Amino acid sequence: MSMSLLVVQILNGLQLGVLLFLIAAGLTLVFGVMNFINLAHGVQYMLGAYLAVMFYTLTGSSLLALVFALLAALAFGLFLEFVVFRHLYERDHLDQVIATFGIILFLNQAVKYVWGAAPLSLPIPELFSGSIVLLPGLTYPIWRLVIIASGLAVALLLYILVSRTRLGMLVRAGANNAPMVSALGVDIRRLFMIVFGFGTMLAGFAGIMIAPILSVEPGMGDTILILAFVVIVIGGIGSIRGAFIAALLIGLADTLGRSFSVDILRLVMAPSPARTVGPAIASMLIYLMMALVLYFRPTGLFPPKGR
Amino acid sequence: MSRLPIAIFLGFALLPMAAAFGAETYLLDLFMRVMIFAIAALGLDLLVGFGALVSFGHAAFIGIGAYAVAILASHGINEAWISLPVALVAATAFAYLTGTICLRTRGVYFIMITLAFGQMAFFLASSLAPYGGDDGLTMHARSTLFGLSPFKHERLFYYIVLACLVGCYCLCRALVVSRFGRVFRGARENATRMATLGFDIYRYQLAAYAISGALGGLAGFLLANATDFVSPAYMSWQRSGELIIMIILGGLGTLHGAIIGTLVYSLLGEWLSGLTENWKMIFGPLLVLVVLLARSGLLGLAAQVAAWWRKQHAEPQA
Amino acid sequence: MTAPVLRLEGLNKNFGGLAVTRNLNFEVAAGELHAVIGPNGAGKTTLINQISGLVAPDSGRILFAGRDVTALSVPERAALGLARSFQITSILPGFSVIENVALAVQARVGSSFRFFGHAAAEAALNAPALAALDEVGLSKRADALAGQLSHGEKRALELAIALAMQPKLLLLDEPMAGAGRDESRRLIAVLSRLKGRFPILLVEHDMTAVFALADRISVLLYGQILTSGTPDAVRADPQVVAAYLGEEME
Chain A
1 MSMSLLVVQI LNGLQLGVLL FLIAAGLTLV FGVMNFINLA HGVQYMLGAY LAVMFYTLTG
61 SSLLALVFAL LAALAFGLFL EFVVFRHLYE RDHLDQVIAT FGIILFLNQA VKYVWGAAPL
121 SLPIPELFSG SIVLLPGLTY PIWRLVIIAS GLAVALLLYI LVSRTRLGML VRAGANNAPM
181 VSALGVDIRR LFMIVFGFGT MLAGFAGIMI APILSVEPGM GDTILILAFV VIVIGGIGSI
241 RGAFIAALLI GLADTLGRSF SVDILRLVMA PSPARTVGPA IASMLIYLMM ALVLYFRPTG
301 LFPPKGR
Chain B
308 MSRLPIAIFL GFALLPMAAA FGAETYLLDL FMRVMIFAIA ALGLDLLVGF GALVSFGHAA
368 FIGIGAYAVA ILASHGINEA WISLPVALVA ATAFAYLTGT ICLRTRGVYF IMITLAFGQM
428 AFFLASSLAP YGGDDGLTMH ARSTLFGLSP FKHERLFYYI VLACLVGCYC LCRALVVSRF
488 GRVFRGAREN ATRMATLGFD IYRYQLAAYA ISGALGGLAG FLLANATDFV SPAYMSWQRS
548 GELIIMIILG GLGTLHGAII GTLVYSLLGE WLSGLTENWK MIFGPLLVLV VLLARSGLLG
608 LAAQVAAWWR KQHAEPQA
Chain C
626 MTAPVLRLEG LNKNFGGLAV TRNLNFEVAA GELHAVIGPN GAGKTTLINQ ISGLVAPDSG
686 RILFAGRDVT ALSVPERAAL GLARSFQITS ILPGFSVIEN VALAVQARVG SSFRFFGHAA
746 AEAALNAPAL AALDEVGLSK RADALAGQLS HGEKRALELA IALAMQPKLL LLDEPMAGAG
806 RDESRRLIAV LSRLKGRFPI LLVEHDMTAV FALADRISVL LYGQILTSGT PDAVRADPQV
866 VAAYLGEEME
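Chains as they are written, first to last, in this note's numbering: chain A, 1 to 307; chain B, 308 to 625; chain C, 626 to 875.
FYI, nobody ran anything at the bench for these hints, they're computed from the structure.
Remember, it's a predicted structure, so these values are computed and weren't measured experimentally.
A virtual CB, placed ideally from N, CA and C, is assigned to each residue, including glycine.
There could be a bad hint or two in this list.
To be verified - If the Cβ cut is set under 8 angstroms, some of the chain A residues that face chain B in the computed set are: (1) I37; (2) D95; (3) I103; (4) F106; (5) Y113; (6) V114; (7) S121; (8) I226; (9) V233; (10) I237; (11) P279; (12) A280; (13) Y287; (14) F302.
Bound conformation, chain A alone:
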């Protein structure tokens, strides 16, 4: 276990964490403000990736692909909101779960229908391809650093938006008491749409950013969705700060756990069982973390007040 491997894995963990934050932020925002549990958020992420591939194939430019994919993802998200989701805000959570589950089934299949089941790939933008040398003997892909940087930038942007702007104030107020905000003359429907659109864009953005390094395939949103759920449950549903901290925690724990579980276990047991038990424990690690947090704090680390 060398130092550079450790640093690489820490950076990888941060990258996963930042990705999770982008997805979880949208989820927790939508839940916090509209009390709407959106299982289909994962397919927004998947769509972002597919749209990026599609627009790149059409335009040949990474930048254009990013812009168009983001806009298209937003448009599609708003379309879904208009056609399906807004009818569900008043329903109980079970209905929302079933309906959005149906949307997942539909979209995963639709994506297979349109683009085929084979995984697609997207090249890393020219400007950011290759690796840079961080330390002697340690190189790291530039694109992954870009992902980390953009994720942190988005986090900062969200922080400023939510705590310093009027819109952010409305979002926070709506999260606590939507009918009251509506009674004060604010167009709640528009507020919800803006919040939802923003969340959708965040997920789409995550998908676009990850597309160059992951294979783009149907169902890619499902696993990460559940990770995002774990993030917001640990962080506290409705709390963006909680989502940020929990996302980084989970990204690091999962990555480091998977890389070093066998090595750590070898300190206490023989190599052979360590090789079996290691991956098993690594796969369960974040869920065990979640269980631990919830045992002491059933509403997460930073539950928003007044709920």
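Given the coordinates of chain A, assemble chains B and C onto it according to the supplied hints.
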């Protein structure tokens, strides 16, 4: 037992005879799987329909039961009187342990946490390289009972599963009207009131959660024997979602609705998948519509139709 | 002198920056009907919630039937004999009237971890339930669905539920709230009959009821007990008159 459940079980019982005229093996296999999932669905209806505990990780119990059988089989242990109890204990223990955490939470948290624990079981199974990992594990022999192989005979196996289904149904029925069941149902109506009466709701919900886990484990035991194969996919969250849809489709909180829902969902799936490769594109929106429009499921719809019919044919008052 | 069935010592509760209960000392003697009155915002419901266990005080002690119950949960206190009604009626609307009460009986007799047998048909549970319904005049409605009862009937049902618990102390949180004149009169009649059977802590706004029923009255103001005494003493107390601006004391 009222007439509808009896009719359902009778239908299942007579199927093999009707099937003898057609594709017997295929039909027996299909309906046997329906019954197996119906056993798990009963357990889930207990939680969701009677307790308002929306568990989105139910497939994990099926998977754990199935893996228990397959893992023992891979070590040469095939006797059902060992593997069945192990399957049940494993599933129940998992339910109990995860339940102690899940049941401290409410509402959306509960849904998400059960989802997460289901996923944990999935990943655990995927990481068990000695037992197939991602690819799953094939069982080379089905469970034996004191040296005999009842599960190798199609019809006998079928009727064993039917017997299990009827037994589980009766068990759940009894549970629901018992003292225990009344407290559990009361907690759904008004948890605060139940607490101020002196009931520690948490213990009752945990017991119900464990029982539903056991039912899932039984289904898993039967499933492993029916398919000679186990894989992490048995515990995927999509499977858990499908189970929830099955019980809503039939009618929540009725028990036989869970069986009907499983039947309709499975048959519909079979039929649609025969029509087109992209059947999930039809299925998806169909589910959304069911939820938006027919919230009390098929039984609810049937009740509405029956009431309308009675009104049409009622004697007009002079 | 018998020990008080309920004693609160130095109870404190803050919500955010607001002190809702302040160094509160209070007692309910055995066998008495003790009314707590006070203007809106005085902290009456919070007080009841702390006694029954729904809200945990920041500091102080709650002694019930000789035991320190401050750390006990709601069900644990209920099992010791603490029954309560809610300001907004809290029943099981999907259950029948008699099942609502039978559940209270079931809680008292214990052993609810029975998985077989038809609970709704158990005479051992239904008979005491029916008796409680009789006391409040609801026995004719035993098989009706609780959710379909009128407002006054639901109030009576809550009372029957509390009775079926055979409480050592009954907490009543504004039972007259929203009741019309006839309903109030009926409730007062029922409560008069129950008086003396077990101690009752009555939180109320309706002064007719308070003066008709109370053995002792305590006045709650800004989270503290202003004064306690017999109805006549309280009525005449100038501090109390001032606190209420003289209006409600007529």
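For each hint given before, does the structure comply? Return the numbers of the non-compliant ones in rising order. Violated hints: 6, 7 and 14; rest satisfied.
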